[in-house]
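A.B. asks: So the protein lines, in turn, are chains A and B.
Start counting the first sequence at 1; every next residue gets the next number (the UniProt record's numbering).
Start counting the second sequence at 1; every next residue gets the next number (the UniProt record's numbering).
If you are wondering where the hints come from, they were derived from the structure by calculation, not from laboratory data.
A portion of the hints provided could be inaccurate.
To be verified - When the alpha-carbon atoms are kept at most 27 Å apart in a straight line, the in silico BS3-like pairs for lysine-lysine are as follows: (1) B:132 - A:1138; (2) B:103 - A:774; (3) B:132 - B:103; (4) A:1138 - B:158; (5) B:77 - B:132; (6) B:32 - A:774; (7) A:784 - B:103; (8) B:77 - A:1138; (9) A:306 - A:551; (10) A:1138 - B:78; (11) B:132 - A:784; (12) A:774 - B:132; (13) A:839 - A:570.
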Amino acid sequence: MGKKKALKRLIFQEILTSKARFISIMLLILIGVSFYSALNASGPDMLKTAELYFNNRHLMDIHVVSTMGLEDEDIEILKLHEDIDQIEVGYSQDVLTSKENKILKVYSYDSSQTLNQLEVKSGKLPENSGEIALVASDEIEKLYQIGDTVSFLSDSEDTNLSEQFDKSNYTVVGFVKSPFYVSDKQLGSSTIGKGTLDGYGIIIAEDFNLSVYTDAYMTFKSLKGVDSCSNLYKNTIESYQEEIESSFDERSVIRLADIKGEAQEKLTDAKQEVSEGKKELTDAETKLEDAKAQIEDGTSQIAEAKIELQDAKKKLEDGQAEYDENKAIFDEKIADGKAQLDIGGNQLAQGQSTLDENKEKVKQGKAQVDEGLKQIEAQTVTLTEQKSQMEAFLEQTKQIIEVPIAYITTEQQNTLIQAGSAVTIGDSLTLGDLWTAYFTNSTSGSTIVDALESILSQIDAGLVTLADTKKQLLEKQEELDNAQAQINSGQEELNTGADTIIVKSKEFEEAKADGESQLAEAKKKLEDGWAEYEDGAATLLDEEQKLEDAKQEYEDGLEEYNEKKADAQKEIADAEEKIADGEKKLADLKSLTYYALAREDNPGYSEYADNAKRLSALSVVFPTFFFAIAALVCLTTITRMIEEQRVQIGTLKAQGYTNGEISLKYYVYALGAGGVGTLLGLLLGFYGIPRIIVSAYSPMYELPNQQFDAYLSIGMISVAIAVFSTGISVWAVLHQELKECPATLMRPKAPKVGKRIFLERMTLIWNRLNFVQKVTMRNLFRYKQRMIMTVFGIAGCMGLMMTGFGIKDSLADIPNLQYNTIIHYQALAVFDEDASNAKKEEAKAAIANMNGLNDYLMIWEGLYDVKHAGVNTQQVLLVVPEDTQKFSQFVSLRNQGSDSSYELPENGAVITQKLADLFRVKAGDSITITDADNQEYVIPIAKITENYTGHYIYMSPQTYQECFNSTAIQYNGTLLQYEQDEAWEETVSKFLNQYSAIQTISYNSSVIETLNHSLDSLNAVVLVIIIAAAVLAFVVLYNLTNINVSERIRELSTIKVLGFYDNEVTMYIYRENVILSLLGIFFGSFLGKFLHYFVLDTALMDNMTFQNSLHVLSYVFAGALTLLFATLVMWVMHNRLKHVDMIEALKSND
Amino acid sequence: MSYVKIIEEYRRYYMGESTIVANNGISFEIEKGEFAIILGPSGAGKSTVLNILGGMDTPDEGHVFVDGIDIATYNSKKLTKYRREDVGFVFQFYNLVPNLTAKENVELATQISPNALDVDNVLEDVGLGDRKLNFPAQLSGGEQQRVAIARALAKNPKLLLCDEPTGALDYETGKQILKLLQDTCKNTGTTVIVITHNTAIAPMADRVIHIHNAKVRNIEVNAAPLPVELIEW
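When you get a sec, could you build the whole thing from the sequences and use the hints?
C.D. replies: Here it is in structure tokens:
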């Protein structure tokens, strides 16, 4: 065992001393294995994940629906299936919702049911009426939050929401995921609106008002725990589907008859209703007629009454006039009488007052006279006295004057003066003054006597005047007495007059009273007449109002009648049309179809499975490369290793070790590298890379509990390939070397002999090369094996990256190619086959008049299968345009790769390229298509046309009639051509959904979106490919350069000693790598193109044609990246070469 | 100052814990145009001296003056330039590039040397005028060593350094090579330094430097060196 121990140590040392090589081989195997296993495992992983999810959620195996829902009898039939495990029923209904016109499929939820369990993402499931749980998708969660209200709307006038749902508003209580849908982006088609679902919702079953169940879900005992991807499952399900569908053969006929009977009954009822409605209408009309007649009577009566009233009024007015006249006369008379009386009275009063005045005057006159007389008497007395006095004075004076003054004493004088002062003698001279003057001798005594004698004459004159006055007064007294007598007689007359007036007044008052009473009587009569008239007028007014009311009532009635009549007539017409429709439908009601749908019919499931399988297809191509290159690298490495250790091998051999024992080291080394690489590769391939690949799909599919499993078969194959590719190279090299005898081995192998290369014979070129180039060329050709390997590795790297980029290119091209160069319509509107012609025409007219539409073309379209042994059954859309000339505006027909298009031929069909390729048919052949009832039709092929997605057969109406033995074509679809955005499409959807004749509208824009989705998911895969290619390039270049350096270390040391700078040394060896890299890129371009073609052509989908032209940019990117990796290796090697110990290398001879 | 002057030069190799002193304070001088021989047993440190002189190694201590410049202070880049322009190296095992013809091997050196000589002339001089288009494998050992010498000389170096140039050759051929070196020294005035453990050839040198145990033991200056033909061993 000792020697074995030594051997083991040798192996160990070997690995340690040549880490880089060991790691290189290991890495290449690792990449190869990881890629192989990852691409192979990802698909099954995805399917397993789905499987686990479905099983956890108890997804049904078969989902039964029918064109007319399911009744209890139907369920009973389903229950008869012998293998049935569970069956549950439920409701579902597509509905339009208020926010952004999203279309939801609403499912019923019953907490007692166990199938198709929902996964609650947030909130809870609906428990009460009016609660809804919505799909947990970005699109819906963006619109609603828990607590919000979802409002259901009628999508068209034909839809009666209350027939479907109990309520129209639901409160969001949670967000859920249903196992029906693997993707919340691909929810399948809807029967309403724009034709695709935006989400789904869950409400309790009680909130549904549908009369029949819509869905039955079944699971089967024998399929419990059976992998739904397995053939067993598929075959069983297929046979069950058929069994179930055929189990309804009888039932569908009976139920159809029932439905027909029911419909007939309903029709009869409807007819009854219509006729009742008509009768009601007639009754109403009669009533209105009557009312009208009555109103007319009333009107004429009122007219008569009005005339009577008019007469009465006239009479009253006459009476009034008469009364007014009489009253005026009477009033005048009264006024006259009164005036006369008043005048009389006045006159009397005047007479009296005059009389009274005269009386007074007389009385006063008398008094005056009496007074005068009295005064005269008094004055006569006074004057007489004065006369006597004066006479006395005169006597005295005459005496005195005779006496001289001096003899008259003073006393006497005074007495004279005094006595004289009382007597005035004109001009304020008194007798006294005169006496004074006399005594003073101023005056003569005669003056006094004259003065006294003048006074005496004046008194005498006075006395005479008085006597005259007295006489006059006496006369006046007499006159007064006469006047008094006259006054008295006047008074008498006045009194008589007054008496007369009193009598007259009395008479007048009597006459007045009499007249007044007569007038009052007349007035009363008039007033009574007016009152009567007013009453009459009021009554008339009332009557008129009543009539007016009656009229209004009548008119209202009439209007209502007219209004309702139109409605009623329309209703009746509608009802009659419906009855007609119903009758037609009833007549057309050929079959009632039951469908048993499998899991793969669930939306998105097929694509999910396709995506999963597509990955496996890629696993054929890429890993092969890595394995091949790994084998090559391994070969080179082991070769070098053995060359380096010839002496050791020789020594061992000389010492008696067997070939096997010597070989062991190398096998262990190579297989060790391969084994570790395989192990790590499998780990990475099973648990690492699938995560990246699956995450690439995660925007589309978000399934819980993603499974990452190891697969024994994949592991075994990987190990086998790894062992083979490493082991074979060791064997190849050792096989050669070990044949030689130890002596030869122990001698150093002569260094590879330099020789002229063929290029040197082409002196023209050779002489033009400078020295360095010559050296490079010679070195390149010296190591052909390595050269080829390097070129192969780089080409592989380039090719891989190009394939990665190219797959993206080709996929990215498809929408553009298909929808810009081939298909020139933007949407397809499909008509409801059952719609009446009138409705179809209406819808057609609506389309024709739509704003924003460029053009449209009526087509007939139908889906058929093309089957052929050894080829997957393909679905093909048969399109028959109404106008074959116009068709070229909607679809370009042309040979693959040709720019000139042709028109749809009258005879024979045009089929698409991929279909022709798949079934290996060409122009002139025929192809057999199968319809849903398994009826086969043979279609002659006139031409083959370029196409990229899906399969189509186009034919003229004439060809259609020939192939299908049909006389008339019911065109059932319209191609729509427009240049509008998606917002417009949404409004169009809404607009066209009003027309019940239009069943669905499918937009190319949504197809393009889906295509782009899958494109995005490829990004990560492309990235993985690029990383792998990078590692490949790096490992190959590094390993080769490494071997190159170690093999040529003396050479390199020599030139170092000769004084080559570091970069010159690197370039001395790396110039070769650059050339090899460029060669690799060159060959890689072809390889990439081929690989790309191969992958697209064989590995990808049946219903897609990929343009295998690569974009220039992909070449550039791949080339640039390859050079980048080469540069990276150069940089690493440069650092290594810098530190080469030239002395050590040059010291020995080996 | 002498053309070549090494002063107190030390070179130590560190092998884990132990230190090997290859050159332990070496000092000597060589004049321009001299044919010098460095003599000593295997492992004495003579190759190390030559490597340091040839710019392939750097001393840990001391000065190495070549034509008045201390190359001990050179960095790796300067050393490369020094090797490129001023030094010709001849190895025991020739170290020709097997993939290049004799002429191309010489051209490898002249390509990068600024004051290179004519390749054909040099090959003529070393006596290979008619074999210059042969690959190394097609040449005998002596012929290969002549190519190596031609390659060293073609640069027109200041120093021609030869590390056991006859070590892999037979007696006669070795003699011829030594003669070529001696003639070259005489005819071109190139300073030639040869390392050998063969004491017998010492008389042909102008100067013999004995190195023992990493130290210079003795320096002999030979006033009248013998032509190599007269020396027998």
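A.B. asks: Flag every earlier hint the structure violates by its number, smallest first.
C.D. replies: Violated hints (numbers, rising): 1, 5 and 6; every other hint is consistent with the structure.
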